[in-house]
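One letter stands for each residue in the lines below.
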Amino acid sequence: MPPNTSHDMSSTNAQTAQFRQRDPAAAPRLLLALTFLLLLWPGLHYSELDLSVLFDSDSSSAMGALLGNAWPPAHDQAFLELLWHSTLETLAIAIAGIALALPVALLAALLATRALSRAALHQNGSPALAGRLLRWPLRALLILLRSVPEIVWALLLVRAVGLGPSAGVLAIAISYSGMLGKVFMEIFESVDQRPARALVGAGAPRLMAFLYGILPNAAAEMLSYTVYRWECALRASVVMGFVGAGGLGQQLELSLRMFAGDEVLTILLVFLLLVLLADQLSRLLRKRLV
Amino acid sequence: MSIALRRVQVTHSAACASPVQALAEINLEIAGGERVAIIGPSGAGKSTLLRLLATAQRPDSGTVELLQQQPWALGGGSLQKLRARIGLIQQAPPLPPRQRVVTAVAAGRAGQWSRCKSLLNLIYPLDVAGIHLVLGRLDLADKIFDRCDQLSGGQLQRAAIARTLYQQPELILADEPVSAMDPVLAEHTLALLNREAQQRSATLVVSLHNLELALRHFPRVIGLRRGRILFDRAAAEIGEGELELLYANEQLLAPQQSPLPQPPANRCC
Numbered sequence: 001m002p003p004n005t006s007h008d009m010s011s012t013n014a015q016t017a018q019f020r021q022r023d024p025a026a027a028p029r030l031l032l033a034l035t036f037l038l039l040l041w042p043g044l045h046y047s048e049l050d051l052s053v054l055f056d057s058d059s060s061s062a063m064g065a066l067l068g069n070a071w072p073p074a075h076d077q078a079f080l081e082l083l084w085h086s087t088l089e090t091l092a093i094a095i096a097g098i099a100l101a102l103p104v105a106l107l108a109a110l111l112a113t114r115a116l117s118r119a120a121l122h123q124n125g126s127p128a129l130a131g132r133l134l135r136w137p138l139r140a141l142l143i144l145l146r147s148v149p150e151i152v153w154a155l156l157l158v159r160a161v162g163l164g165p166s167a168g169v170l171a172i173a174i175s176y177s178g179m180l181g182k183v184f185m186e187i188f189e190s191v192d193q194r195p196a197r198a199l200v201g202a203g204a205p206r207l208m209a210f211l212y213g214i215l216p217n218a219a220a221e222m223l224s225y226t227v228y229r230w231e232c233a234l235r236a237s238v239v240m241g242f243v244g245a246g247g248l249g250q251q252l253e254l255s256l257r258m259f260a261g262d263e264v265l266t267i268l269l270v271f272l273l274l275v276l277l278a279d280q281l282s283r284l285l286r287k288r289l290v
Numbered sequence: 001m002s003i004a005l006r007r008v009q010v011t012h013s014a015a016c017a018s019p020v021q022a023l024a025e026i027n028l029e030i031a032g033g034e035r036v037a038i039i040g041p042s043g044a045g046k047s048t049l050l051r052l053l054a055t056a057q058r059p060d061s062g063t064v065e066l067l068q069q070q071p072w073a074l075g076g077g078s079l080q081k082l083r084a085r086i087g088l089i090q091q092a093p094p095l096p097p098r099q100r101v102v103t104a105v106a107a108g109r110a111g112q113w114s115r116c117k118s119l120l121n122l123i124y125p126l127d128v129a130g131i132h133l134v135l136g137r138l139d140l141a142d143k144i145f146d147r148c149d150q151l152s153g154g155q156l157q158r159a160a161i162a163r164t165l166y167q168q169p170e171l172i173l174a175d176e177p178v179s180a181m182d183p184v185l186a187e188h189t190l191a192l193l194n195r196e197a198q199q200r201s202a203t204l205v206v207s208l209h210n211l212e213l214a215l216r217h218f219p220r221v222i223g224l225r226r227g228r229i230l231f232d233r234a235a236a237e238i239g240e241g242e243l244e245l246l247y248a249n250e251q252l253l254a255p256q257q258s259p260l261p262q263p264p265a266n267r268c269c
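For the record, the sequence lines run as chains A and G.
Just so we're aligned: the first sequence equals residues 1 to 290 in the numbering used here.
Just so we're aligned: the second sequence equals residues 1 to 269 in the numbering used here.
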């Protein structure tokens, strides 16, 4: 039909005319990049980053001393035995810390989540006022638990329970229950809410609505996040060793202080192996479940 | 009286548009054991009416009485007890994809079982025989240990129906229960719902798109249009004219008039 064709022609013309226009997103993007660079400068200034220190004669000789005797890595019988015990200790700290954090996180997430509000069923998904007021302090508690870094908890706890792995376990349990709780809560709220609402609508108690309606959809994501957190706990337990919370970190700090480069290298290699192991484990679990 | 609605009004307040009146001044009485079909064009308020009967929607005004109880005057615990006696089959089956059919069907009794029993059932299915029986009646017995995401759309809808039948409610509500099924299966499923309701003298209220199915399977038919009851009578007494009036497309008859209000399910924002 002729009128149709002419319409098509004119619209094609309009399109080519539009193509000659400049990308409307270009200016905002350029502005954003410039702002970012402007913000970067004071950041560099205030953090007092000075790369020339690296090539200073004092620091390079210290680094040289450490690196000079790094090869071959320490492998005498006594040191390896010591290392084996520290490695087990680090693993134990990470596992025990996560195991303690999990029940606390689950309970807090269950109580704080909006997903299990009974009122949400007939109010278009928004919970009752009383429920919202009760959930607030719990959310605040979760924020408090995780806003203090685990290293600070470890420093406090080393004073309270003394040097050793138990301070590390408690520090991980406290800060990771906050993190796991917050993320679990968000997972519960992000999965499909209809199954749980349907169950509450059929008279089921809320715990059962959770177990039968939300958990099947959330379990894989929860597991994968928990394994990732376990990997983080492994690394954190090494850092916490520096403040006396046991494990590989404590060993690393001793070797660093004695400028025993070969021992440092061995410890770092063991550490690499541990993280590799955690990565493989989480990949395996995810493949089985997701 | 199984259902008694008096001057019930429901208004959906959308954030970005003027409030839509989904149900206006509904008066309705359905006796125990009655089997009723609700028909009407899209956006007529069928889903809202069923959600209202399932206590998933609170009325803005008017009184709702279900199974001799006023749900919105009850406390939380008693309301859950009442809800356990009402089963709603939803348009989109609300079954978690990673759950097995046997567990999804068993969840129908979560309102009646003790917490202990429901917990144990998660570890090991306690009533495989009973669930097998219900699934068998829906021709789904071989899928009992399959995961829900392995079922087709029609099979999933039947699994959801099996859950509601397993719940053994006194009031069975179904919102477009056969929309994902082929004609033969739809026929079979509606007949089954009717038979189940008759056997257990439960009340059955079903919303349907298909007129013929409604007239063939249900003794009483209610026509809903723009949130109002247009007619409410025995299926045999319904005339051609009434059906035409029910489905009359205003835009075709009078193009200058404003379009019908959108169905509440897919509001914007």
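Derived by calculation from the structure, the hints in this document are not laboratory data.
Note that the structure is predicted; figures quoted are calculated from it, not measured.
Glycine is no exception: its CB is placed at the ideal position from the N, C-alpha and C atoms.
A few of these clues could be false.
Cβ-to-Cβ under 7 Å is the rule here; a few derived chain A residues that face chain G [stated by the list, open to error]: (1) Arg194; (2) Pro195; (3) Pro216; (4) Tyr228.
Structure-based check of each hint:
no.	hint	in the structure
1	Arg194	4 Å, holds
2	Pro195	5 Å, holds
3	Pro216	4 Å, holds
4	Tyr228	20 Å, violated
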